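Those protein sequences? They're chains A and B, same order as listed.
Position 62, counted from 1, in the first sequence is what the numbering used here calls 70; the numbers after and before it change by one each time, with no gaps.
Position 35, counted from 1, in the second sequence is what the numbering used here calls 287; the numbers after and before it change by one each time, with no gaps.
Because the hints were derived from the structure by calculation, they are not lab data.
Values in this document were obtained by computation on a predicted structure and should not be read as measured data.
Hints are supplied without guarantee of correctness; some may be wrong.
Unchecked claim - Across the chosen pairs, the derived CB separations fall in these ranges:
| hint | chain 1 | residue 1 | chain 2 | residue 2 | range |
| --- | --- | --- | --- | --- | --- |
| 1 | B | V542 | A | G140 | 52 to 60 Å |
| 2 | B | A404 | A | N69 | 30 to 38 Å |
| 3 | A | R21 | B | P267 | 21 to 29 Å |
For every residue, glycine included, the Cβ atom is placed at its ideal position computed from N, Cα and C.
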Amino acid sequence: MATGLSAIFMANRAALLRFVRARGAGEDAEDVLQDMWLKLEAKDLGPISDPLPYLYRMANNLMLDRYRSSSRRERREQDWAEGAGGVMADPSDDVAVDERMILNERLEQARAVLRDLGPRVELVFRRFRIEGVGQRVIAEELGVSLTTVEKDLQKAYRAMLALKQKIDTE
Amino acid sequence: MNEEALGWVIRTRDPAFNDWEAFTLWLEADPGHAAAYDGLMMADSDMDSYIPVDPVVMPVAANDAGVRGPWRWVGGGAVAAALVATVSIAVLNRSDIYSVTTRPGETRTIALDDGTKVELNGGTTMRFDRKDARFAALDAGEAAFTVQHDAANPFRVTVGDDMFEDAGTVFNIVHAGGATRIGVSEGKVIYNPQAEAIALPAGRALADDAQGLRVMDIAPGAVASWRQGRLVYANAAVADISQDIGRSLGVTLTATPGAQAMRFTGTIRLDRDPARFFAQAAPLMGLTAVRQGDGWVLKEGPHKEGPHKEGHGPQS
């Protein structure tokens, strides 16, 4: 598809390269852009209302995928080195009963953390994080300022990340 | 924790974010920024495994909050626990469609495969599809829906000839006596997406009855309040309220034409003991409840010594 998006990609190639480099791609920055280009060519995308932010988001997601797969690989190699040995369990296997209990416990903890933040903060966090609603829209819905929504989100995120840290060190 | 990186995680997660140049500048300012951002984005996506998806409602208007304390109900579950719901499962024309019926006064919760929860109030008949968790039909009665939203495959509720489609939602529908009422407490519902396509965001309600189709405001906390053993109203007709009471408590309740036309704003606490319930609820609505045979009748005016005094002024 040699239509709009590819043209916008070419016109903004330098800026995207700079972004991907700053985003941590280093020497691989050119390869990442090449990946992006191939994906754009392969996909038959309809018209996109805001093409440049779309391309940036795509680049950002590619970088996240790279980070995710590299940290997963590191973890796997580490497990292997620590003598996990034998046949590795398929991670897609059904969740075991005791794991499910742990998961339920975590849900309860998360529920308590959110509840302690108060109903507005909890509502803002849910609208944003679960339902994917933008901050400006949430501010309008609740009749509060954008700054209030930003602060609520920071507060909720900090509390939820602290809970995650606690869970991870348990 | 890196506050700046967290700020960028939140900003870039916003669907409307477009200041990628500013983000690039921040990343370039320090090579450690990208790593901090990646770490927090990972932590963010890990949250998916333990964020509870159950609904949250904003507190109801201040006057109701004051009432809630002293009026605390023994717990919404009491209604369900006190009675064992008899559920008749009838196989209809298609083998994968099944129906669920609750008797007046019974409640029942249906968990669908996709994680959607449907809570049936008393006197309700619904149909579901074993093969399609996104289908539900409310044939009669009242139900509260807590929907697992999926934009690609929306949850749809058929009510008579009408259809409600969710857009990330908690809502309640009443279908009785040829009228339909829906209240939305979270997310959004689309009424008849193929026809009128009326969007109902949280805090909006729609009524379709003899007076026609109307859209109005509703306190999100008032939606499906029967689940907490309360009925919350703003300027509601006693005709509708008496239906709600009959369904929730399993009593036969009628209202005189004069009483039916009256309107009520406030919170009514449900009570399984009808005599105790009406002794409290009727005066609250400015009405009198009289036992008649197996049922109850709501009449206009405050309760006096005897029925012969009805209709007289407050001085009589």
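query = So does R21 (chain A) sit 21 to 29 Å from P267 (chain B), Cβ to Cβ?
reply = 25 Å, holds
key: Verdict for A404 (chain B), N69 (chain A) (Cβ pair) under range 30 to 38 Å   = The hint (30 to 38 Å, Cβ to Cβ) is violated, given that A404 (chain B) and N69 (chain A) are roughly 19 Å apart.
query = Lying within 52 to 60 Å: is that true of the beta-carbon distance V542 (chain B) to G140 (chain A)?
reply = The hinted range 52 to 60 Å holds for V542 (chain B) and G140 (chain A), with Cβ atoms some 53 Å apart.
Hint compliance for this structure: hint 2 alone is broken.
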